[in-house]
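Full structure from sequences and hints, please.
Going line by line, the protein sequences match chains U and V.
Position one of the first sequence corresponds to residue 1 (the numbering used here), numbered consecutively onward.
Position one of the second sequence corresponds to residue 392 (the numbering used here), numbered consecutively onward.
Calculated from the structure, these hints are not laboratory results.
There could be a bad hint or two in this list.
[Said to hold, decoys possible] If you want the ones that stay clear, here's a sample from chain U, every Cβ over 12 Å from chain V, calculated:
#1 234
#2 276
#3 324
#4 382
[Unchecked claim] Simulated pairs of lysine-lysine, DSSO-like, Cα-Cα distance not exceeding 30 Å:
#5 U:204 to V:484
#6 V:603 to U:204
#7 V:679 to V:691
#8 V:603 to V:649
#9 V:430 to U:204
#10 V:486 to U:157
#11 U:157 to V:484
#12 V:598 to V:700
#13 V:597 to U:204
#14 V:430 to V:484
#15 V:481 to U:48
#16 U:204 to V:481
#17 U:204 to V:598
#18 V:486 to U:3
#19 V:484 to U:48
#20 V:486 to U:204
#21 V:665 to V:627
#22 U:48 to V:603
#23 V:481 to U:157
#24 V:486 to U:48
Computed from a prediction, not measured in an experiment: that's the story for all the values here.
C-beta: ideal position from N, C-alpha, C; glycine also.
The lines below spell out each chain.
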Amino acid sequence: MAKRVGIETSLAISEVVAACDVDVVAAYPITPQTHIVEHLADLVANGKLDAEYIPVESEHSAMSACLGSVAAGARTFTASAGQGLELMHEVLFVASAMRLPVIMAVTNRAVSSPLSVWGDHSDVMATRDVGWIQLFVENGQEAVDNTICAFKMGEAKNVLLPVMVNLDGFHLSHMIEPITIPEREEISRFLPPFDYPLPLHPDKPVAMGDFAPPVIFSEAKWAQEINIRDSYETIIQTWQEFGQQFGRYYQPVEKYCTEGAETLLLTMGSFSETAMTAIDNLREQGQKVGLVRIRLWRPFPFEELRKAVGSAKTLIVFDRAISVGGPGGPVVSEVKAALYNEPQKPNVVSFVGGLGGRDVTREGFEEIITRGQEIAEQGSPNEFEIYGVRE
Amino acid sequence: MIGQSVYVPRLLSEIESLAPGHRACIGCGEVLAIRQAFKAIGRDAVVVNATGCMEIIASQLPYTSWRLPWIHTLFENTAAVASGVEAGLKAMKRKGRYDHPDTKVVAIAGDGGTVDIGLQALSGALERGHNLLYICFDNEGYMNTGVQRSSATPYGATTTTSPAGKQSIGQLSWKKDLPAIAVDHRIPYVATACPSFPIDLVEKVKKGVATKGPAYIHVFSGCPTGWGCATNLTIKLGRLAVETGVFPLYEVENGKYKMSYKPETLRPITDYMKPQRRFRHLTEDVIKMIEKRVAEEYYKLLEKAECQK
Ligand SMILES: Cc1ncc(C[n+]2csc(CCOP(=O)(O)OP(=O)(O)O)c2C)c(N)n1
Ligand code: SF4
Chain U
1 MAKRVGIETS LAISEVVAAC DVDVVAAYPI TPQTHIVEHL ADLVANGKLD AEYIPVESEH
61 SAMSACLGSV AAGARTFTAS AGQGLELMHE VLFVASAMRL PVIMAVTNRA VSSPLSVWGD
121 HSDVMATRDV GWIQLFVENG QEAVDNTICA FKMGEAKNVL LPVMVNLDGF HLSHMIEPIT
181 IPEREEISRF LPPFDYPLPL HPDKPVAMGD FAPPVIFSEA KWAQEINIRD SYETIIQTWQ
241 EFGQQFGRYY QPVEKYCTEG AETLLLTMGS FSETAMTAID NLREQGQKVG LVRIRLWRPF
301 PFEELRKAVG SAKTLIVFDR AISVGGPGGP VVSEVKAALY NEPQKPNVVS FVGGLGGRDV
361 TREGFEEIIT RGQEIAEQGS PNEFEIYGVR E
Chain V
392 MIGQSVYVPR LLSEIESLAP GHRACIGCGE VLAIRQAFKA IGRDAVVVNA TGCMEIIASQ
452 LPYTSWRLPW IHTLFENTAA VASGVEAGLK AMKRKGRYDH PDTKVVAIAG DGGTVDIGLQ
512 ALSGALERGH NLLYICFDNE GYMNTGVQRS SATPYGATTT TSPAGKQSIG QLSWKKDLPA
572 IAVDHRIPYV ATACPSFPID LVEKVKKGVA TKGPAYIHVF SGCPTGWGCA TNLTIKLGRL
632 AVETGVFPLY EVENGKYKMS YKPETLRPIT DYMKPQRRFR HLTEDVIKMI EKRVAEEYYK
692 LLEKAECQK
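Rendered as structure tokens:
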């Protein structure tokens with residue numbers, strides 16, 4: 001049985017990628033992802049991982065090499081963040097549309113300018129529409145578990161989609177936590193070998209990546225939409241099977257103290273754990289508050305979100321990214337859209353915070369909830385507020 | 392070499408990897424070069440294609456002209472995708488999951504996809520030493536998008552983004568020397584070729600795919616549409632480019648230069664330029680200046696090859 005050890009989340013991810021017996025890693029370093037790719041290089045250099053490690057000259061090439069390697073039929077992993085993820089942007093669309101299940105860890109980081117190596121969700125939010133399955137994790141154990149699940153979800157024959165596992169840069173990537181890393185044997189019982197249905201092979205030539213005239217482009221996009229929508233069931237089933245074997249269960253939308261809550265806070269990523277302590281505190285004071293966390297960002301879990309929000313009166317959405325000149329946070333606009341046609345819907349309040357590595361403490365989340373309730377009752381001249389910003 | 396043309400069909404393999412019915416223009420030099428190159432490559436290969444004319448003419452959902460496993464993703468990342476294919480096959484071979492020991496990975500791209508936007512990915516792939524052959528089909532411009540300049544467009548040529556006009560003679564920079572850049576990566580094999588010299592092209596591609604490590608072949612490919620010439624002149628212009636010194640044929644094995652064809656004397660450059668509309672606006676002075684520079688470059692190359700003998 002796997003032992004629980006104190007290990008940095010980044011290193012634990014590399015260890016579990018190795019335990020998944022990945023064939024190819026193509027990666028380019030960027031803070032705060034570096035520890036993942038450095039440790040993978042180390043594992044290859046020391047014979048602990050039998051894989052080709054391609055030290056590419058850019059993230060654009062990292063993702064491009066990943067396309068090639070998956071198309072050849074090889075299990076493939078990469079990791080990136082911030083500017084790196086943006087440099088990959090164009091290639092990300094191709095991975096999903098061509099159904100090439102690249103698995104990628106993203107240690108979420110702010111996007112320049114000003115330059116910031118610290119965490120927020122601007123990088124992943126800019127890749128919202130690239131057609132990848134996108135998961136968010138809250139702690140080291142979740143990062144490890146969901147990396148294993150990502151291979152199984154993405155590589156499933158009915159799915160064949162790339163998967164992005166998002167973890168907060170520094171706040172999570174650099175944390176040393178007690179983590180159980182499943183053994184190779186346990187993983188191989190859960191994760192079947194990668195068997196890409198039509199790889200590039202001279203015995204059975206296939207053409208991948210034709211161009212589409214207008215007469216067929218819409219159909220190609222519709223097929224893609226159906227593909228990712230249908231992946232939802234496999235995602236749920238994968239988490240279910242994982243839970244059955246490893247005893248840790250995951251849901252597309254996670255709830256905390258939502259029972260009877262009139263005010264709900266909604267978060268994504270590792271800040272959710274801090275938010276939980278704020279909820280505990282306010283609950284002790286007798287306030288009817290709860291927390292909803294979105295774990296599955298794409299495909300968006302519309303039904304689960306609506307159910308989780310239930311009959312709450314106020315929903316305070318906390319975004320770690322800003323859609324400049326737009327509705328504030330990207331999460332809030334999606335949440336509003338998901339609830340808009342509901343006959344009974346909460347008053348939705350938008351906060352942006354935790355930008356470029358700025359921490360939000362338990363007290364901070366308590367303030368956000370109190371201020372959010374105030375806005376819900378009295379209104380606000382602003383579409384959204386940036387928590388703790390100095391004017 | 393020139394008199395060989397009648398025998399060529401009998402000397403080459405009958406393999407046709409690109410099926411007829413593709414949509415290249417009449418007289419396209421790139422597609423001819425592909426036909427020849429893939430006779431040398433054979434059936435045990437994977438093709439990675441950049442966006443550009445050769446991708447567009449051979450693929451249109453739900454069809455393909457390729458009889459080989461073929462992948463196109465984007466414009467500038469061909470060398471990186473090919474790196475990934477090579478690495479993937481290598482890992483799977485080692486782990487007993489891929490059954491062809493010698494599958495060749497061949498990346499193909501136009502000059503734009505190579506000398507401009509794809510240069511970084513190419514440099515990375517050459518430097519890392521992947522076992523692949525990269526062939527650039529150089530028609531001296533971005534033809535697929537409507538004849539714009541690239542850094543492989545020759546001095547003085549008019550294109551849609553380097554138009555000749557009252558204040559300009561057209562392209563104002565000299566052709567980027569990509570084979571030299573490839574050589575400077577210290578890779579085992581670099582060559583230039585042209586489909587007007589099919590035996591030479593085929594032999595070089597054979598060497599390229601047999602090379603352990605990266606090989607780079609730069610193929611001068613006439614484009615009647617982009618150059619503004621008659622469609623029956625592609626082969627002739629290729630020969631003239633070689634005979635005038637505009638595009639010398641040579642190979643560089645492990646850093647050692649060897650000329651593949653040495654004309655006794657260089658033909659006047661006007662023989663080559665005159666039939667092409669892209670040069671028609673140039674004055675005699677400019678043509679003379681170009682001719683001088685072409686000769687200088689040619690003799691420099693010749694000297695390099697002679698010194699290394
Ligand atoms: C990132 C990006 N920029 C621009 C384009 C538009 N584009 C497609 S093909 C092409 C030119 C291709 O030129 P070249 O590589 O020389 O090949 P040719 O068509 O001449 O054979 C351009 C500019 C693109 N597809 N992707
Ligand atoms: S534009 Fe030129 S390179 Fe492109 S298909 Fe036509 S002749 Fe060939």
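Hint-by-hint comparison with the structure:
Under the 12 Å C-beta cut-off, the non-interface status given to residue 234 (chain U) relative to chain V holds; the minimum distance is some 23 Å. Interface exclusion of residue 276 (chain U) from chain V stands, the closest Cβ pair being 41 Å apart, more than 12 Å. For residue 324 (chain U), the requirement that its beta carbon stay farther than 12 Å from each beta carbon of chain V is met, with the minimum near 28 Å. Under the 12 Å C-beta cut-off, the non-interface status given to residue 382 (chain U) relative to chain V holds; the minimum distance is some 41 Å.
Taking the CA atoms of residue 204 (chain U) and residue 484 (chain V), the gap is about 17 Å. The hint holds against a cut of 30 Å. Proximity of residue 603 (chain V) to residue 204 (chain U) is assessed by CA-CA distance (about 25 Å); at most 30 Å being required, the pair is judged to hold. Our distance criterion of 30 Å between C-alpha atoms is met by residue 679 (chain V) and residue 691 (chain V), whose separation comes to about 18 Å. In summary, the hint linking residue 603 (chain V) to residue 649 (chain V) is supported, as the alpha carbons are separated by about 20 Å, within the 30 Å threshold.
At most 30 Å may separate the alpha-carbon atoms for a hinted pair to count; residue 430 (chain V) and residue 204 (chain U) meet this at roughly 19 Å. The straight-line distance between the Cα atoms of residue 486 (chain V) and residue 157 (chain U) is roughly 22 Å, inside the 30 Å bound, and the hint therefore holds. A C-alpha spacing of about 22 Å is found between residue 157 (chain U) and residue 484 (chain V), which places the hinted pair at or below 30 Å, so the restraint holds. Restraint check: the Cα-Cα separation between residue 598 (chain V) and residue 700 (chain V) comes to about 20 Å, which is no more than 30 Å; the hinted pair holds.
At roughly 23 Å between alpha-carbon atoms, residue 597 (chain V) and residue 204 (chain U) fall within 30 Å of each other, so this suggested pair holds. Distance restraint check for residue 430 (chain V) and residue 484 (chain V): the Cα-Cα separation of roughly 25 Å lies within the 30 Å cut-off, and the hinted pair is therefore satisfied. For the given pair, residue 481 (chain V) sits about 17 Å from residue 48 (chain U) by alpha-carbon distance, which is consistent with the 30 Å threshold. About 19 Å separates the Cα atoms of residue 204 (chain U) and residue 481 (chain V), which keeps this hinted pair within 30 Å; it holds.
Distance hint between residue 204 (chain U) and residue 598 (chain V) is fulfilled; the C-alpha atoms sit about 26 Å from each other, no more than 30 Å. As the CA atoms of residue 486 (chain V) and residue 3 (chain U) are separated by approximately 28 Å, the hinted pair is consistent with the 30 Å bound. Restraint check: the Cα-Cα separation between residue 484 (chain V) and residue 48 (chain U) comes to about 18 Å, which is no more than 30 Å; the hinted pair holds. Simply put, residue 486 (chain V) and residue 204 (chain U) have alpha-carbon atoms about 21 Å apart, close enough for the 30 Å limit, and the pair holds.
Between residue 665 (chain V) and residue 627 (chain V) the CA atoms are separated by roughly 12 Å; this keeps the pair inside 30 Å, and the hint holds. As the CA atoms of residue 48 (chain U) and residue 603 (chain V) are separated by approximately 27 Å, the hinted pair is consistent with the 30 Å bound. Proposed proximity of residue 481 (chain V) and residue 157 (chain U) is supported: the alpha carbons are some 23 Å apart, at most 30 Å. With a CA separation close to 14 Å, the supplied pair residue 486 (chain V) and residue 48 (chain U) stays within the 30 Å bound.
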